[in-house]
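4 protein chains.
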Amino acid sequence: MSAPLKVAVLGASGRMGAEAVKAVDAATDMELVAALGRGDKLEAILEAGATHVVDLSVPASTEDNVRFAVTHGLHAVVGTTGWDDAKRESLTNLLAENPGTGVLIAPNFALGSVLASAFAATAARYFESVEIIELHHPNKVDAPSGTAVRTAELIAAERAAAGVAASPDATETQLDGARGAVVDGIHVHSVRLRGLVAHQEVLLGGEGEQLTLRHDSYDRASFMPGVLLGLRTVASRPGLTYGLDGYLELGR
Amino acid sequence: MSAPLKVAVLGASGRMGAEAVKAVDAATDMELVAALGRGDKLEAILEAGATHVVDLSVPASTEDNVRFAVTHGLHAVVGTTGWDDAKRESLTNLLAENPGTGVLIAPNFALGSVLASAFAATAARYFESVEIIELHHPNKVDAPSGTAVRTAELIAAERAAAGVAASPDATETQLDGARGAVVDGIHVHSVRLRGLVAHQEVLLGGEGEQLTLRHDSYDRASFMPGVLLGLRTVASRPGLTYGLDGYLELGR
Amino acid sequence: MSAPLKVAVLGASGRMGAEAVKAVDAATDMELVAALGRGDKLEAILEAGATHVVDLSVPASTEDNVRFAVTHGLHAVVGTTGWDDAKRESLTNLLAENPGTGVLIAPNFALGSVLASAFAATAARYFESVEIIELHHPNKVDAPSGTAVRTAELIAAERAAAGVAASPDATETQLDGARGAVVDGIHVHSVRLRGLVAHQEVLLGGEGEQLTLRHDSYDRASFMPGVLLGLRTVASRPGLTYGLDGYLELGR
Amino acid sequence: MSAPLKVAVLGASGRMGAEAVKAVDAATDMELVAALGRGDKLEAILEAGATHVVDLSVPASTEDNVRFAVTHGLHAVVGTTGWDDAKRESLTNLLAENPGTGVLIAPNFALGSVLASAFAATAARYFESVEIIELHHPNKVDAPSGTAVRTAELIAAERAAAGVAASPDATETQLDGARGAVVDGIHVHSVRLRGLVAHQEVLLGGEGEQLTLRHDSYDRASFMPGVLLGLRTVASRPGLTYGLDGYLELGR
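Protein chains in written order, with UniProt numbering: chain D, 1 to 252; chain P, 1 to 252; chain C, 1 to 252; chain Z, 1 to 252.
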């Protein structure tokens, strides 16, 4: 067995960061060498001998954190939001100056959710009909969920590329809203129900058959296997990878 | 074992009527004594010695058919649409003159669908949240389905009677239609997918738990157990019963 | 609005008891007047002026607790296990001496679970086939779950009473265990999966249709609405009621 | 638009063959030039000018049919069973002598089923737990279904290759059969229910999340999109391909 990865967690006092501290600490192939919160100096990472960084801080500091890591040859796994095109391009340039260093920026670390989206996009090429149902707790303020919108966009792009026609729909009269929202031609329905957390179903239908891909997310803990997978893989993937699916073997 | 029921089917050349002919014929406790189509004379029922009538004809003839049956003391199970309040009241009066004769008029004979609606109404008193998803083939022209609208109305009435507050919903921003249609305060979502037939889910949620009532209808054959149950019960229920749920033991 | 119920929680230091303390405290129509743990004297209930007691203690003390409450004319809602036939009969006798006092002993306070079981029993009279799938976390040591066994027994009893034949099954060759466990003639399948909590599906099938009743339990908090419903109802139901379903309006 | 494919259907009088005749006839990019049943001479294919053959005949004649097609440079899509290793190896040799000719032999043409199996195998590398539930009509004589057994084998092979541990299971006491059949270490549950056709669910669970892949097959018609996809692709894939998944783009 190889030496454990030496991991520093940035944003360790946030809720996700605290989960990451626990997960890294529990992983037998990793060593938690530093856990930095707001105001802690980044140099502490170097002093602790970290080779890998997990950034789960805030949009205002994530860019500085990651650039600091890359400049010092540390690999980084990043779950903080705020990485727009300009910031990612700038980071790509910095990585070109530090060959051998890898960074993963992932908007979503839940393996099941990432897999479900990828499978949905693949399957959407082969089915006549596709719709999305997302279900969340009733305190959510936006509808549809961001994940559902991205899944719809991904599906629409695959269907366009494969030349698949729009899903058939003979609806002539409807109560306002019955057929859901339409995102890039894909119907999306948002359910809000006490007791739920975060759930999504992609329904695909063809003559005489149906394929359903459902993901249920019950707990923030579901992100940790993806974070650990990122840490175990990032050193072997120099440069910038965007999206955890880039690290998954989706075909055969 | 008692003597088989002597059953006449009216509207026997229609699709539902043809199914009923087969179902009555196959039932060991029934005897199919007549099967009348368009243009056949109603007197044939009497000549055949029928004691029970199944009417699956068309709105234009169902009232004449049923009144003829009742006048001659035959029990009737009716699946034809078009029985508005005035026609039902008039029939109730006719039945009062023929005590001992029973009529069942049912807008829906699928046992599973009738049970699911009744259960949904019962459960809706006890849960904080409730929403409906109905899923049909893409050739359906209206949304939501009539069954979903009736289920929503039934649920809303039960919640109002029990003093249950509206389902919680913190949605502030939504894409048009994301949260579905709203029927008497209940959110209803309509999915259209190739390969499907007719399906409905009622989702009920409370703190830490969810109850889901799902009905799948694959085939017109699903109406026949309800028709047979109606035939076996109608003689013991003089007067007019509206809705198959009136014949089901829903409590304990 | 009437005066709030004055409630004492027994077993308040246990996990369920602690939930009950929170739930009673949060209910606007109740006042938490006492919360007793191990070793506390029962007289404190009287001193606090309680009119209602929730017992979520341990099998060794629940009988003393409830008999004490009844003797002093307090209504009791009981979730502790261990109430065998002899203890319940003895309690019934004590209640006869204290007319006007009510006790509810409920093996399960999750409204959704109680409703799902009741609905399953009702529906099982009307469908040709019925099977049960229960799904739990992988740390569970027994299979099937106690709830699934009780649901199967309840279903079997209803089908026997209604004269329903056994579910059809043409299986000739099977891998050992493929068709599940058989409880009173009902097939029960136990799934164990990381990430799950406690879930159950009753599947009912007839010609051309299927009815599915699913209950998902995510959290101990799901028991509290049932406990509060019990507290609000118990004073109007003198004597002993066994099972929360006795307080629910299941028919129409 | 290119010229339509000239397709001959072999086994056209069987149930699957009859569906294929209808599907090829309805496809705007194909021309049905021959439909052969039992006893018809294979030379008719050549006389009709076919460039593609669909073989849906019987095990006793499929090898002769396909070898005849290959020898004459016709591409073949084959759904008949009975192609053991020896026959496939012999066909591979014949194809080597006819470069440019393609043959697809597929045990399953339902796109949704093939995709669900492939997705299940991929996802099984990333989840701690996995189990299979298959649900069929009650006239089925074997349990589990062949598809479920193959899915379990596929999943087990992927998990072994990826070094994934067995699904956790703390079961100590169980009623016989409760935990299902075990195929290569994967638990498989078989439900039999009136009203169902052929359905399968693969459930994958990790800390705080669940992924469910469900396929519903309602009708033999569900095989035809796969047959047509095979016909459209086979000319571009010289040699022998086994399994429709070989023609699907499963990754990105």
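Don't read these hints as lab results, they were simulated from the structure.
Do not take every clue at face value.
The list treats identical chains as interchangeable, and a pair is accepted whether it falls inside one copy or across any two copies.
Claimed, not checked - Computed cross-link-like contacts, SDA-like style, restricted to lysine to any residue with a CA-CA straight-line distance of at most 20 Å:
#	residue 1	residue 2
1	Lys41	His72
2	Lys140	Tyr218
3	Lys41	Asp29
4	Lys22	Arg194
5	Lys140	Glu207
6	Lys140	Thr171
Failing hints, ascending? 3
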